[in-house]
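Let's have the full structure, built from the sequences with the hints guiding it.
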Amino acid sequence: FLNEKHRNLLFFRNDVETISSPTRDMLETWSSELKLGGGMELDDDGNTCKLGPTESIIQIKTALTMPGLNILTINTIGTKLLLNAADNMPEYQFTLLESELIPDGAAPLVWL
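Residue numbers in the sequence shown follow this note's numbering, run continuously in steps of one, and reach 366 at the last position.
Calculated from the structure, these hints are not laboratory results.
Nothing here was measured: the structure is a model prediction, and the numbers come from that model.
Among the hints, erroneous ones may be present.
[Unchecked claim] Derived PhoX-like pairs (lysine-lysine); straight-line CA-CA distance at most 20 Å:
{"hint": "1", "residue 1": "K289", "residue 2": "K334"}
{"hint": "2", "residue 1": "K289", "residue 2": "K304"}
{"hint": "3", "residue 1": "K259", "residue 2": "K334"}
{"hint": "4", "residue 1": "K304", "residue 2": "K334"}
{"hint": "5", "residue 1": "K315", "residue 2": "K259"}
In structure tokens form, the structure reads like this:
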């Protein structure tokens with residue numbers, strides 16, 4: 255994740271965008287979810303959570319097209335790269351922060 259181009263290869267054929275100005279809610283949600291999952295929390299100086307050099311929040315857009323129906327999914331994900339000093343192997347942590355489905359098509363299909 256130190257190089258966005260290489261990180262984005264993990265999401266082949268999807269539209270990936272780094273959120274340059276994440277909201278306070280995104281950062282707080284991510285930090286609390288990391289804590290619940292046993293991960294390392296984001297840096298918090300009491301007033302603001304901060305992203306480190308190996309942390310980023312990305313938005314991934316994926317389109318699913320079927321006859322008569324298109325579905326766009328927009329997922330906001332907190333990403334973190336941990337480098338293990340012992341074996342020099344990277345560990346990637348992903349935390350889903352928000353998810354949105356946007357259907358488009360015939361009303362009966364969208365309703366389903």
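Now for the hints, and whether the structure bears them out:
no.	hint	verdict
1	K289 to K334	holds (14 Å)
2	K289 to K304	holds (15 Å)
3	K259 to K334	holds (15 Å)
4	K304 to K334	holds (13 Å)
5	K315 to K259	holds (16 Å)
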